[in-house]
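**Student:** In case you want the letters, here they are:
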Amino acid sequence: MSDPKITAKRSDHRLPERFVPRIDYDLCRVCKRCINECSYQALEFKGSKVVSAGGCVACGRCIAVCPANCIEIRPVPPQFAPHGNWSERSRRSILAQASSGGVLLSSCGADDPHPAIFDDLLLDAAQVTNPSIDPLREPVETVTYLGRRPGKLEVCDGKVIIREDDTPLIRMDMPLMFGHISLGSISYNAQKALFMAAKELNIVAGSGEGGLHPDFYQYADRICSEVASGRFGIKPEYLKGVAAVEIKIGQGAKPGHGGHLPGEKVTTMISETRMIPRGTDALSPYPHHDIYSIEDLAQLISVLKESTEYRLPVGVKIAAVHNVGAIASGLVRAGADFLTVDGFKGGTGAAPRVIRDHAGLPVEVAIAAVDRRLTQEGLRNRVTVCAGGGIRSSADMIKALALGADVVMVSTAAMIAMGCRVCQQCHRGLCSWGIATQRDDLTDRLDPEVAATRIVRLFQAWNEELKEVLGAMGIDAVESLVGNRDRLRYRGPNPKIAEVMNVKHIGEGWG
Amino acid sequence: MNRQVSDPGRTDRQGMPVRTENYTASRPPEWQGQLGGCGIASCISLNGDLICGDRIARMLTIMEERENGLGAGYACYGLFPQRREQYCLQFFFDDEDGKRNAEEFMSGRLDILHDEKVFTRERSTIAPPYPIVWRYFAEVPERRSWKGDLDLGEEDYLVELVQHINGNVEKAFCVSSGKDMAVFKGNGYSYEIADFYDLPRYSGTMWLSHSRFPTNSPAWWAGAHPLSLLDWGVCHNGEITSYGVNRKLVEMNGYRCTVLTDTEVVTYLWDLMVRRNRLPVEVAAFAMAPSTFHDIALMPPAERRLAEWLRITYREAFLNGPFSIIVGRSQPETTLIALADRKKLRPMIAGLSPDGSVAYCASEESAIRIVEPEARTWAPEAGNPFIAVTGKGVLRRGIEPSFQGVRM
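Line order of the protein sequences matches chains X and Z. Going letter by letter, the first sequence gives residues 51 to 561 in my numbering. Going letter by letter, the second sequence gives residues 1198 to 1605 in my numbering.
I should point out that these hints are in silico values taken from the structure, not numbers from a laboratory. Hints should not be assumed to be uniformly reliable.
Simulated crosslink set (DSS-like; lysine-lysine; CA at most 27 angstroms straight-line) [claimed, not checked]:
| id | chain 1 | residue 1 | chain 2 | residue 2 |
| --- | --- | --- | --- | --- |
| 1 | Z | K1296 | Z | K1344 |
| 2 | X | K202 | X | K249 |
| 3 | X | K249 | X | K96 |
| 4 | X | K355 | X | K285 |
| 5 | X | K209 | Z | K1296 |
| 6 | X | K202 | Z | K1296 |
Computed far set for chain X versus chain Z, every beta-carbon distance over 12 angstroms [what the hints assert, rightly or not]:
| id | residue |
| --- | --- |
| 7 | Y75 |
| 8 | N86 |
| 9 | P117 |
| 10 | E138 |
| 11 | L186 |
| 12 | A348 |
| 13 | R442 |
| 14 | E529 |
| 15 | V532 |
| 16 | R541 |
As the structure is a prediction and not an experimental result, all values here were calculated from the model. C-beta atoms are modelled at their ideal positions from N, C-alpha and C, and glycine is treated no differently.
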């Protein structure tokens, strides 16, 4: 029974704060900049002082703008009676749902402290029997191609035949790409920064499913257009002239789930780009309603190839789920030129917490399963495998490559480079850094050129670290690392994981 | 299993004790592959005259510093002029059971025209046990029933049979299976193996050879080089850092890895790219040791396109890490190929006799000079194949542009 007369206000229990900004009043100049910058209104001016107003999310904006360096954000110590089973997190969730009666939403990737399998993997290096390579002195290549590969070259009367028109490929300078983040989930300036960085780095950036703003056509040759279940913004310009087209079936943060951009975020700009009326909710259905089976997917792939005159690679993105290997094999047989596997730690602008935190497969295991299955079926050398979802560092990227990904998809790290502090409030649209918001006063805070520069520097640094590791392994081109699980060892708590991933345990050599 | 504890006092050249387990046809249970440095040497008669086995043994043995007594071997081509059109399957058997197992398996699947014991010395300085070495001359029958009728060509059928034997038939290992060639290898120093098989009794138009300095044991006769499949023979000095990737490509194409070494994979790659995919030898060599994208961008347009597509298509055939290899084949003509990695991290030198009748490739110049003091020698470039064919001469010295003469 839910009595409508019992309003949320009447039924709400006041909960302890999670974070509190503390101000060193000896240093504070009372400039109030922090108050103006706090989009969560967690600070207020009272008497002669700036004080906490509650609701701090630890986005860190106030710290960054304070000219006196006098703010620190403190996590509030546990306020609940200690209990080994009833964690503070579980009790807060229950209290929130008892008040709202709704599905709990959150954003960014799963934040439960699930151990990352990446942390249980160790890399190999060359000693004596093969020489390591100094990437500053000798070439170590990171050029990567994305798209379908022919499997073999035809030879006719001793003449080697190349049919390059059959297999369009995109060349990238490093095995990295930006994941799909739509205009709508992030701001114009944030998406512009990603596209500028992709162009500068000569890699690919996903469009997300929000269409492509006309201002961004200039970056089209570095953009992978996403065709998702809402079909937003799909028009000739969106499909032609871009680098690749990707059908989005699922997202790691919310496998089996669709999307929902609330009407208040559908501004004039968003409405024009998505081609929907202003102020209406942008709903992406859970499945594509023209894809209820694999043969339907094959048809959509054909339609997209036909409409792009076979000049673009057409890929499919799926969330990493338990049967990911067999599904991946189906995607290749359905005609996908590349496939993207998104692990369950992948980010999101908004997702039900129960799905984000509990559904899917860690990307490490998913990559290994896909790589193994495609190899068993003799398909691995036909297709490009992209994978992401919780890639935190160059080490994660390198391990993902060694497990079998050709291209590693990164989104959250790029947003952190722009300013994101992973406070997990994207779904509220109040991002104080101007990234995950459509409010003009907030989006103005992000300078796309500065943000792009920071992303470029991050990725260049990761690519340098990749070269260092390749050189240390005695490998001088990244393709010789992809799927080379011999160069990984598992040191974690569960050897079964090593077995499933086909990675040897530490201590096991070659001979 | 033919496992025997040998002379406990056996040591290597440095006086280090050598592990006493010794395996012949059966794979050692703890075998996970092998690493190490090696010496390789080869010679090919360009005019078709026969070369005595004594010559290759001298070439290999002079490089004794490159071996430690844990494996050496030779492959001879142009060996059976009387039976040139028959496949010669040369086996190691642990014992009579192994021979029975293999013969039982081959019965009805191959037409065996003749078989004989391969001469081996009954006494040797090599630690026992010794395998029974036997050869069968066979033709592939018209009716090839293998897991149902797979409509396999003659050579693919033989590849299937040999891989099945090596993976599944107990106590037997087929060490070579090509026409007009055979492999003589084992667990000992180069001179011990030459002596064990009495190599001077054989003459051929081409010889490959290999001696090992493995960093690991146990010793396994069948795991020594040359590795061979059909008429391919491969001697390899190096450690392929991309083994996991290369192995995937051959397994995707139906090859089963039974020796678990990078050399085995290299052998299958040559078979896949040149015999099955029919790529010209220099094109396949480029895929294995490609130029950098930076250098490819400097090539003329047609060559650049081929180079790019080779790197994209045969990415998994790219042998990364240090290696130098010597590859031989008898079909369609006796061919010697030598190739070093694209940084040339392992040595390879080529030579030609003053009269131009014999070409050589080896790890060290000493190997050439010991048999041909006046030879003209040169160093093939990194990633650039040397190719010589009996009856045609040296087709590539390993210093030419990548695709010279290739039709595109």
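**Student:** Can we trust that L186(X) is non-interface, i.e. its beta-carbon lies farther than 12 angstroms from all of chain Z?
**Tutor:** Check passes; 15 angstroms lies beyond 12 angstroms.
**Student:** For the pair supplied as a hint, K209(X) and K1296(Z), confirm whether the alpha-carbon distance does not exceed 27 angstroms.
**Tutor:** violated (44 angstroms)
**Student:** For K202(X) and K249(X), compute the direct alpha-carbon distance and say whether it is at most 27 angstroms.
**Tutor:** Judged against 27 angstroms, a Cα distance of about 31 angstroms means the pair is violated.
**Student:** Hey, does E529(X) actually stay past 12 angstroms from chain Z on C-beta?
**Tutor:** About 5 angstroms separates E529(X) from the closest Cβ of chain Z, which leaves it inside 12 angstroms; violated.
**Student:** Are all C-beta atoms of chain Z more than 12 angstroms from that of R442(X)?
**Tutor:** Label holds. Min Cβ-Cβ 24 angstroms, cutoff 12 angstroms.
**Student:** Over 12 angstroms from every CB of chain Z: does A348(X) meet that, or does the non-interface label fail?
**Tutor:** Consistent with the label, A348(X) stays out of reach of chain Z, its closest Cβ about 22 angstroms off (over 12 angstroms).
**Student:** So is P117(X) really clear of chain Z, every C-beta pair being over 12 angstroms apart?
**Tutor:** Correct as stated: the minimum Cβ-Cβ distance to chain Z is 48 angstroms, above 12 angstroms.
**Student:** Does E138(X) really sit off the interface, with its C-beta more than 12 angstroms from all C-beta atoms of chain Z?
**Tutor:** Per Cβ check, E138(X) is outside 12 angstroms of chain Z; nearest 45 angstroms; holds.
**Student:** Hey, is Y75(X) genuinely clear of chain Z, shortest beta carbon separation above 12 angstroms?
**Tutor:** Given that every Cβ of chain Z is farther than 12 angstroms from that of Y75(X), nearest at about 60 angstroms, it holds.
**Student:** Would you check whether the claim that R541(X) is not at the interface survives, using Cβ distances to chain Z and the 12 angstroms cut-off?
**Tutor:** holds (19 angstroms)
**Student:** Evaluate the condition: distance from the CB of N86(X) to the nearest CB of chain Z exceeds 12 angstroms.
**Tutor:** holds (51 angstroms)
**Student:** Sort out whether K96(X) lies within 27 angstroms of K249(X), counting only the CA atoms.
**Tutor:** violated (48 angstroms)
Against the hints set out earlier in the document, violations occur for numbers 2, 3, 5, 6, 14, 15.
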